[in-house]
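Colleague: Okay, here's what each chain looks like letter by letter:
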Amino acid sequence: MLTVTIDFKSPASYLALEPTLDLARETGIQIDWLPFATRPFSIAAEKTGETVGERHRRVRALSQRDTWLHYAAVQGRDMHFAETPAGSDAALAALAGIDDDPVPFIRAAFAAYWTEQADLDDEMVVAALLSSVQRPVPDSQSAHAKLLSIRAGAEESGIFESPTYVIADQLFVGREHLPWIRCLVEAAKVS
Amino acid sequence: MKALESDAPLIVYIDIKSPYAFVAIQPTLALEKALDMRFDWRPLTLDIPSYLGSARKSKGKVVESTRSASQWVGIKYAYRDARRYVERQGYMLKGTEKIWDSSIANIEILWVMQNNRDRLGAYLQRVYPPFWRRELDIENVAIVEACLEEAGIGSAGFSAFQQGDGRAQHDALQAQLHPSGIYGVPTYVFDRTILFGREHLPYVRWHLTGRRGPAPDIAYEIDAMETQPC
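Taken in order, these protein sequences are the chains called A and B.
If you use the numbering used here, the first sequence corresponds to residues 1 to 191, in order.
If you use the numbering used here, the second sequence corresponds to residues 192 to 421, in order.
One thing to keep in mind: the hints can contain errors.
Unchecked claim - No more than 30 angstroms apart at the CA atoms, straight line, and that leaves these computed lysine-lysine pairs for DSBU-like:
#: 1; chain 1: B; residue 1: K285; chain 2: B; residue 2: K224
#: 2; chain 1: B; residue 1: K267; chain 2: B; residue 2: K285
#: 3; chain 1: B; residue 1: K267; chain 2: A; residue 2: K146
#: 4; chain 1: B; residue 1: K193; chain 2: A; residue 2: K47
#: 5; chain 1: B; residue 1: K224; chain 2: B; residue 2: K193
#: 6; chain 1: B; residue 1: K289; chain 2: B; residue 2: K267
Derived from the structure by calculation, the hints contain no laboratory data.
Source: prediction; values computed, not measured.
So that you can see chain B by itself, here it is in the shape it has in the complex (with noise of 0.2 angstroms):
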């Protein structure tokens, strides 16, 4: 698998444990149903401490942290920007206690594509509000191994595969990542373009649709179907 291509129109990086990419997820599925595509979806398993320092919290205390002040406030606006937008969604985002190690949960992407693609959107579904609810634990093989069957998805094997091939298919993309220009999540790739943010959907979708007419600004849409007005 090489990192910027693909037999479908678009490859999507995404990580369980990225409160920017949950709330990519309903409108990047949205737009694949509503163009009757199928996406390439892929893990990128964020490697968080290395460049945003760590943290731990117990019972919503900082316990532990080697993050500067300036980090604090953006990261707390993260979680406070994302929030907003996944409570339109009709989801809750809980910030979480610790920096999860997500590549169990990741590698089962790769499972889900290569295995029941028709099932993505199901298994996205059955593991990223769970998660953001903190109601899962996505280091634990038994509890992730748990949302394949809940999404419909066989799991016969799925354990060694996330010790064996899975995981050398997900470390050789992840070694991939940086020197092909790709460094975060949700990241859009298409013809060797490379969008990292929701708010380049629409021109996703001016470009997957023929690029008719003046191609669009970036920007986070309103969906009228959303279940809060603004």
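This is chain A alone, in the form it adopts within the complex (with noise of 0.2 angstroms):
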């Protein structure tokens, strides 16, 4: 089993989503989907008197966001980033209060966050999306208790962003780790 955090607002989890699912399909290693909620990407506008560090953090940003929207088109995607982000909490409480193959719910949500900028804090927008994949709306108490809980154990587990893969009590960031991760994969197979 595969375990991998995502959350429907972090650009490296709508770019990781297709390779992780090509890894399963290639090597038939069953993946458990966590939500995992992440800090809101934003770019800082330029300010006079800016700080180093905060000079920094701005072309790093904005580097970032340059560097997703390149793969993006090298994987064919479509990638759009909101002047203001929504969130995407009520999404991740529905994704932990499915009980059955996540995989087509989590393609809408990506697709609608990252192409058409829906909100997916809006519980509304989310009951339209489980029901274009024929997904029942999970009880919102206790989804939302759920996710509290799966964030509690990734956290206790060393997780602190989307995505992370964790197998054989390793945790990698991002899916520049799929090589490792797949020869991890395959090596378990042989033992």
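Hints given; two lone chains; assemble the complex.
Modeller: What follows is the structure in structure tokens.
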């Protein structure tokens, strides 16, 4: 089993989805998708009197956005950054409450967020997405409680970012680790 | 020297004190050799306290720190991550006990590029592994200068260079980096495309070999020649 944390508002999670599904398809490994909220991505406006640290963070954020867009194009994926990023908590709670295959909902939620700038903190929007993939709307209160419980467990394991892959007691942040993860999956099959 | 311009097919920015640059050195040198190209290696001296807080350790314990809890979590992961990949390459990576001023060793990169380009790989080999074993004081000019000689590179004149023209070139380059969109190491630059991190090496290779076939996604490639199995 490979555990993968995701957040719909995380650009890196969005770009990790299909390569991770490819790995699962090619190796046969089961994936446990866990919702794990990250800080919203934003780019600070340039200002006069900017400190070196502020400038560093602004330049880094601009570069990250450009790099995500670059690889979205490489993957043939549509991706747009909203001026004001929306939340994702309602969709993450819904993911926590899904009992059967969550992948259709995950795909729908990522696409809605990154191509239509859908507000995934709006329960009506999330209900419509669930309906579009024939999934029932989970009880909101218990789904949110489960989301909090998943987060607490994840933090206990040292997880601090999405996407994080957990396999063989190792944490890997980001899809760039997929070659090593594949190697671990194949090694586990042999043993 | 302009931050985004070079006669070489690829500019590579590195800093001796960066663990992520350390783990990128071998695969980047290997790519350069495999393609029989000459990359334009340049220093980027990170100002770590300005964006990651500062800290000093003694005997493995933090004795001074301005870092937040979340900064520490990220930094500890970054070191663990770099360490496991460095160990795959057969090297050791010990966390540093202070934030070093790496400018002298980085100015040496300019020196080597200008005086004995063919020995750059030997120089990087002579500096990176011992620094990350905590065996090299990169703030001591005499010690850093000795690295040149041990790498088969003449050091006569380096002392004056690192105080004069070399320092001026280094500082002028650093001043251009943020305005050019460069903030970390390793950074790869070609055709004004800026990519931070060795995960872009598959894309860089694809670009440098004529962009044939579909462009690859990011990946930390696993090399069959590495010393450790997964």
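Colleague: With the threshold set at 30 angstroms, check whether the alpha-carbon distance from K267/B to K146/A stays at or below it.
Modeller: Holds, because 28 angstroms separates the two Cα atoms, which is no more than 30 angstroms.
Colleague: Are the Cα atoms of K193/B and K47/A separated by 30 angstroms or less?
Modeller: 25 angstroms, holds
Colleague: Between K285/B and K224/B, is the straight-line Cα distance small enough, at 30 angstroms or below?
Modeller: 28 angstroms, holds
Colleague: Run the distance test for K289/B versus K267/B: straight-line Cα separation, threshold 30 angstroms.
Modeller: Judged against 30 angstroms, a Cα distance of about 14 angstroms means the pair holds.
Colleague: Need the status of pair K267/B, K285/B: alpha-carbon distance at most 30 angstroms?
Modeller: Given that 30 angstroms is the threshold and the Cα spacing comes to 12 angstroms, the pair holds.
Colleague: Holds or violated: K224/B and K193/B, Cα atoms, limit 30 angstroms.
Modeller: 25 angstroms, holds
Of the numbered hints given earlier, the model fails none.
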